[in-house]
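The chain contents come next:
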Amino acid sequence: MGIPELLVPAGNLEKLKIALTYGADAVYVGTSLFGLRKYAPNFTLSELRHGIEFAHQRNKRVYIVLNSFAHTHTMDTLPDMIDALAALNPDAFIISDRGVFDLARARCSVPLHVSTQASVTNAAGCAYWKAAGAKRVILAREVSIAACTAILDHVPIELEIFIHGAMCASYSGKCVISNYTAARDSNRGGCVQSCRHRFGVHTNTADTREAHIMNAQDLMGIHHLKSIVSAGIHSVKIEGRMKSNLYVAQVSRLYRQAIDRIVQDPEATCNDLENELETVSNRTFSDGFLDQRQTACNTQFTQYSKSLHFLGTVQALDDTYAYVHLKQPFTTDTPMQWITPTGTHTAAIKSVTNAANMPLTAADLKPNCLIKVERTADIVPYSILTQPVS
Amino acid sequence: MKPELITFAGSVDGIHTAIQAGATHIILDDPAISCRSYQDPDLRRLDTLDQLLHATKQYPGCQFSVNCDKLFHTHEFALLDQVIGRILDSPVRWMRVQDIGAMAYIAEHAPAIRIILNTEMGNANAQSMAAFAQTAHRQVLGNELPVSAIKTIQKSVDTQYELMVHGPILLQYSYRRYLGSLMETERVIQGSIDDTDYPGRHFPVLDNPHGHFMFFYMDRCLLGYSSVVLGLNLSGWIVDGRGQSDTYLTTALSAYRHCLDSYSTGDIAPVQAVSPRPLKPMFFLVNNTEQDREPARDGTVLGTVIDVIKGDCIHVSLCEPFRGFQDPPRLGLPQHDRYQHYASIPPVHTLTGEPCTTAEPGDIIQLPWIKGASPKAVLVV
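Chains as they are written, first to last, in our numbering: chain A, 1 to 390; chain B, 1 to 381.
Errors might be hidden in some of the hints.
[Claimed, not checked] So the derived label-pair ranges between C-beta atoms look like this:
id, chain 1, residue 1, chain 2, residue 2, range
1, B, Pro111, A, Ile3, 40 to 46 Å
2, B, Gln51, A, Gln300, 51 to 57 Å
3, A, Lys306, B, Val274, 47 to 53 Å
4, A, Ala84, B, Pro111, 40 to 46 Å
5, A, Gln57, B, His341, 50 to 56 Å
6, A, Ala84, B, Asp47, 55 to 61 Å
7, A, Thr74, B, Ala269, 45 to 51 Å
8, B, Leu88, A, Thr149, 28 to 34 Å
9, B, Leu88, A, Thr74, 56 to 62 Å
Hints are computed from structural coordinates only; laboratory data are not their basis. Yeah, the Cβ is synthetic: ideal placement off N, Cα and C, and Gly gets one too.
Please put together the full structure from these sequences, using the hints given.
Written out as structure tokens, the structure reads:
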């Protein structure tokens, strides 16, 4: 029984380190060009170099996303960029555009993965991309696990599927809503997620009503891992390069546990891990298309759901203190917990100072500041400080 | 050679009507395989296709193609085999696909069939089109391509091109059934939706067993630019009247027929009069959807301020290696072109207070506070 790769999003260098520290086998990252998260911090070349070295030192992998659909005039910059990225020795490029794919193949030997943006839904599509030189196909989210088995019966190729995270309302890559409604190109990193809005619905057969009509709930496939492992799917991917450090830590840690648990005992359940995944901000969960075509949708979205606040991330440790980059204010009179690669631990924080050792009160705790708290044995670099939602 | 005037027909009467209005190439539209069909499909039968293929014999001077533009899932290839078989038994030799897998499959199993590739979205550069031209005989240019880009592509890729000159703009193809979730009894549902944040913009929607399709609240119309389109020497002009009234379709076809026959710019007024939505050229003239929003900056961004202790120090998370300063650095917010300059080269420490001469991306360094320093400012050298 093969062990599927756990592939986690890394929107920046810190998240890359968090993902790999918390259990991911590989991460996917983007630069500011030719990716689909133009407004994420993304990586500089220096950060990529450092991140790839960090990963390789741990026998882990970094895939670079180049999955926008390029227009001809932007292709001019691509050769130099591919050369520069290939020199960093990444483990793959993720590409959706056939022109970009051919250019990358001609210029370097970096393995090529076909992005879910290419909307590959069948064995013939996989065969096409394999013949073009693809090592792996990231299938459309609309493909079921059973269909993956059928594909692998026809085409010996690495398959990757999404297992967790937000989902496009459309077939990924088959949407230009933002192009026309916001003058930003959905398929070149400018998606404004208009599909998430509330719409008035008018038909001839029903009264006008308002609903989040295109509310694709978040995907959670942790309880399908047994089928995924049996199907021989090579990699399970988690969505979310713009999500928080807490999200990256939790999905990496919990899916790592789940995969290891299922590989060891295929009959094992993951209900406890599922409950923990629900603590992070989400739009409520569904199985997506993993089991079968999703027909019904929850069109009554009200708000994001979560039970944990993400407070901050440990940036450094000395003998006595942990330095936490704070993202959200907190009060010490409410219980807090550390999330670390090994689990969750109560955070007993008695006093807080800034990096210059000046005591801070609750009023001083603002987003984007560094605080010092007493170090305990549980805390390691990239530990995440959280507080329950009251 | 004069471009074909192309449109869709889902019935024998529809073929006749379209040809009478000036169409010279009819796309046969069976709801079982044509994802954006407004007819109620029986996904196991191809009765409509049979009727349409049979009817083509009455129009020997007209070109025909079969629309097969759904994204196929692996279990649906038996249906694709049936379509291929029907086409090979008919005089029709053109087939339209969106699915790259279906394209490759048809090329391998039925090389006599000529393929028209219409990816709807995404196939937008010369290199991509050159690669697909190895399998497809024709490609439909995306609605997001401006005329300048079309000309550039045509210069470097010698293949046949079609362009949608008129009709509703598809914004989205989903495999979910969003309206079907609200109205479970309906098989094919038409309507419109308007974003409550931007009321008054009514986006047409179609929900059928193939999925959910959303369209723009204006239709594309190149009548006013038909002389420019003529200059592109395309193989075909597509007028899409699916789901619209017969009047919408025939009026538009007649107008474009006139443009093609007289080599002149068309009159938009009569076509607008029968259109339920405003008519615009959309991205045909210019497409500025990929603006570079990164501010131009001279110098290298070394890192981002993550902490400010007023009067004492700041902490910077590095995105580039730090090897000491050659000149005094400066701080500024990315969206503004205003910087606070250090008066001299500042001392640098690690987060834990030790002197620092080198650091790597991801490390945090400490510098003296200067007036104007704020979180998220960038340190530039």
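Which of the listed hints are not met by the structure?
Hint check: 2, 5, 7, 9 fail, others pass.
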